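First to last, the sequence lines map onto chains A and B.
Letter 196 of the first sequence, counting from 1, is numbered 196 in the UniProt record's numbering, and no numbers are missing.
Letter 151 of the second sequence, counting from 1, is numbered 151 in the UniProt record's numbering, and no numbers are missing.
Hints listed in this document are in silico derivations from the structure and should not be mistaken for laboratory results.
Here the structure is a predicted model, which is why all the values come from computation and not from measurement.
Built from N, CA and C at the ideal position, the CB exists for glycine as well.
Among these hints, one or two may not hold up.
[Said to hold, decoys possible] Rough simulated footprint, nothing fancy, chain A against chain B, three-plus residues with beta-carbon under 8 Å:
hint: 1; region: 143-153
hint: 2; region: 347-354
[As the list claims (entries may be wrong)] Distance condition first, Cα-Cα at most 30 Å in a straight line; then the derived BS3-like pairs of lysine-lysine:
hint: 3; chain 1: A; residue 1: K139; chain 2: A; residue 2: K126
hint: 4; chain 1: B; residue 1: K359; chain 2: A; residue 2: K148
hint: 5; chain 1: B; residue 1: K359; chain 2: A; residue 2: K126
hint: 6; chain 1: B; residue 1: K359; chain 2: A; residue 2: K123
[As the list claims (entries may be wrong)] If the Cβ cut is set under 7 Å, some of the chain B residues that face chain A in the computed set are:
hint: 7; residue: G215
hint: 8; residue: L341
hint: 9; residue: G342
hint: 10; residue: R435
The primary structure of each chain is shown beneath.
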Amino acid sequence: MTDAALAAPPPVTEEVAVQITKMNKWYGSFHVLRDIDLTVYRGERIVICGPSGSGKSTLIRCINRLEEHQQGQIVVDGTELTSNLRNVDKVRSEVGMVFQHFNLFPHLTVLENCTLAPIWVRKVPKREAEETAMHFLKKVRIPEQAAKYPGQLSGGQQQRVAIARALCMRPKIMLFDEPTSALDPEMIKEVLDTMIELAREGMTMLCVTHEMGFAQAVANRVIFMDQGQIVEQNTPREFFNNPQSERTKLFLSQILGH
Amino acid sequence: MSELHAQTVAQVRDTMLPPVPPPRRETGAIRWLRQNLFSGPLNIILTVLAIWLLWVALRDVVPWAWRGVWRASSLNECRAIRDQLYPEGTSAACWAVLTDRWRQLVFGFYPASQIWRPPLALVVFLLAVSPILFARLPRRLLWLTPAAPFLIFWLLWGGTIWGPVAAALGFALGVAAFLALSRARYPILALLAGILLPVLYWSFVAGPLARALAGVAPLALPAVASKDFGGFTLSIIIGLSGISLSLPLGVLLALGRRSDMLIISKASVFYIEVIRGVPLIVWLFVAQLILNYFLPRGTNFDLMLRVIIMVTLFAAAYIAEVIRGGLAALPRGQYEAGDALGLTYWQAMQLIVLPQALKISIPGIVNSFIGLFKDTTLVSIIAMFDPIRMASSIRATTAWGGIYWELYVFIGLTFWVFCFSMSRYSIWLERRLERGHR
Ligand SMILES: Nc1ncnc2c1ncn2[C@@H]1O[C@H](COP(=O)(O)OP(=O)(O)OP(=O)(O)O)[C@@H](O)[C@H]1O
Ligand SMILES: [Mg+2]
């Protein structure tokens, strides 16, 4: 890990970044998310874990409205997510997302991937967007790949480009949906290091992951979900050493005890 | 490392042998033949069979074409020349029909003094599309592209230049109104103004304006009537207009079919299924006979324009389905990444979805284009003189009655050259767009 990664994370503020109240979501008649209440403060690093199908992805995808909720309220950075498209666009330009399968644009170079949204959404001049992109590509330590196409990079490199691409929009909140679970073990570390560095700089992060080492290193809160509900949330230390519910214990014994 | 080696390794080779060419039997043509044609008993049999079939097919055709007579003014003259040159019973092509009638085959009944105009129009067309077809060309060429349709129309049909200019001004007016109002954030008003203003302008202002301008500066080409278009000129005009208009329409239909808005998607499906389900010939009859009933009385809507519209509408339905396949092949993650970055629907389509979907669809799109181009010969049944009908009419003259193969070989080869070029272009484009996917 780098020096930046070893520094202590900055303190969490009182300012609310995401406020979710009594949120419910259904897929047809299937109740995926039940009465979710969640307040994320600026600067928080939250890790969300839980068994497969528990609704983790659905929850964080509701925050930038890749999924629509049917009941309750989601307010992101003061903007409520409703069917009003202007609000949706506003929230999306403030919230960055990193996907399990990277979802880079294969027909564009790494640099173009990073400058696309700043140029078209933020209307940043091309030159400036390219400078920003190079800045973040350096930060994720692959500036030399800028002219290549995503298909020519390794999985770990692609995921770091995806992180840089999201950062180029200068988001206030970053969402990660299992960013390392499609990667080979030797590439996981390079991506986690990048994320840790980001966390140490005070980025508000919501991260679905089963990398418990990451949770212990930087998270200030771990949320455990099961069957569409938030079952338990606590500091990483309490969460791992002193889980409260039976379901959490079972889950932890499965992922930690192999 | 190397020091260590120097002490522990007894002998290290320090001069490298140059690579030696492989033995004779393993190189060049002989090797190629052995590997590809004679690598086993079955392959030997197949090779011999193929050579024999080629021989059978070509042994008569090649001498026939080679001996061909190029200068004569009728079939009888051709035969007289052949009988002079070759022994009794030898067959020889009579290419003279092409040298005698090439103008009709290529230009139809276009006035002889004006036949420079269609090739010039073709050059303008190629220049206008070249920056779209070849990304390396300077972007400045794109400025010609919006003006090209009007210039081409004027070159082909002639008349005063102010007609097309006045018509073009209508488009410019619409675009300007749309941009001004949408910048001021009145999207619906912008759309309305963008459509209504040009329509009003065309109905009331364009005609008088063109006439006034023509009075001031009479810049005109001799007018050519649509019925005088024929031969390959006709095929190429219908084919290229159909191709360039059906692609954007097909893209819109494909997007419409996948739209979340129920009315739009149902309307697109309805359009595609109706158009595709009926043979093109029927639609051409519709263009010829029925379309005029729906148009306001007195508008003498040119048959050729009607046919171009029909062919475009027909091809668009096919293109839409091909592109829909490309859209469906894109992983959902691409749409989601675009959404997550805050791109609007149209931005995501233009920047992310369509470039990839169109690239996947290139073979299918070019396939449809080739089909469309060859289908232009169907207009012969609604009394238009495409190359096939032109050939029939040449064969109906006393001079060339009875000639057969030469005309159709020429027409077939010409079509083949066009279609093959499109096919090669598409292969080249696919290679150029290759991005090392895994
Ligand atoms: N588009 C959809 N339509 C219907 N059901 C869906 C849809 N997407 C997800 N589901 C269901 O919703 C539930 C929650 O899915 P979600 O992807 O949020 O789970 P997850 O916690 O992220 O699981 P994993 O760890 O496997 O990614 C699952 O049971 C899934 O089958
Ligand atoms: Mg998931």
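Taking the hints in turn, this is what the structure says about them:
1. With a threshold of 8 Å between beta carbons, the proposed coverage of the region 143-153 of chain B by chain A is violated, since 0 of its residues qualify and at least three are required.
2. A count of 3 residues in the region 347-354 of chain B with a Cβ less than 8 Å from any Cβ of chain A is obtained; the coverage claim is therefore met, three being the minimum.
3. As the CA atoms of K139/A and K126/A are separated by approximately 20 Å, the hinted pair is consistent with the 30 Å bound.
4. Our distance criterion of 30 Å between C-alpha atoms is met by K359/B and K148/A, whose separation comes to about 19 Å.
5. The suggested pairing of K359/B with K126/A holds, with an alpha-carbon distance near 25 Å, which does not exceed 30 Å.
6. A threshold of 30 Å between alpha carbons decides the hint, and for K359/B with K123/A the separation of about 27 Å falls inside it, so the pair holds.
7. A cut of 7 Å between beta carbons decides the hint on G215/B: the least distance to chain A is about 47 Å, and the hint is violated.
8. The criterion of a C-beta within 7 Å of any C-beta in chain A is met by L341/B, whose closest approach is roughly 4 Å, and the hint holds.
9. This hint holds: G342/B has a C-beta 4 Å from the nearest C-beta of chain A, less than the 7 Å allowed.
10. Restraint check, R435/B versus chain A: the minimum CB separation of about 4 Å is within 7 Å; hint holds.
Checked against the numbered hints given earlier, the structure breaks hints 1 and 7 and satisfies all the rest.
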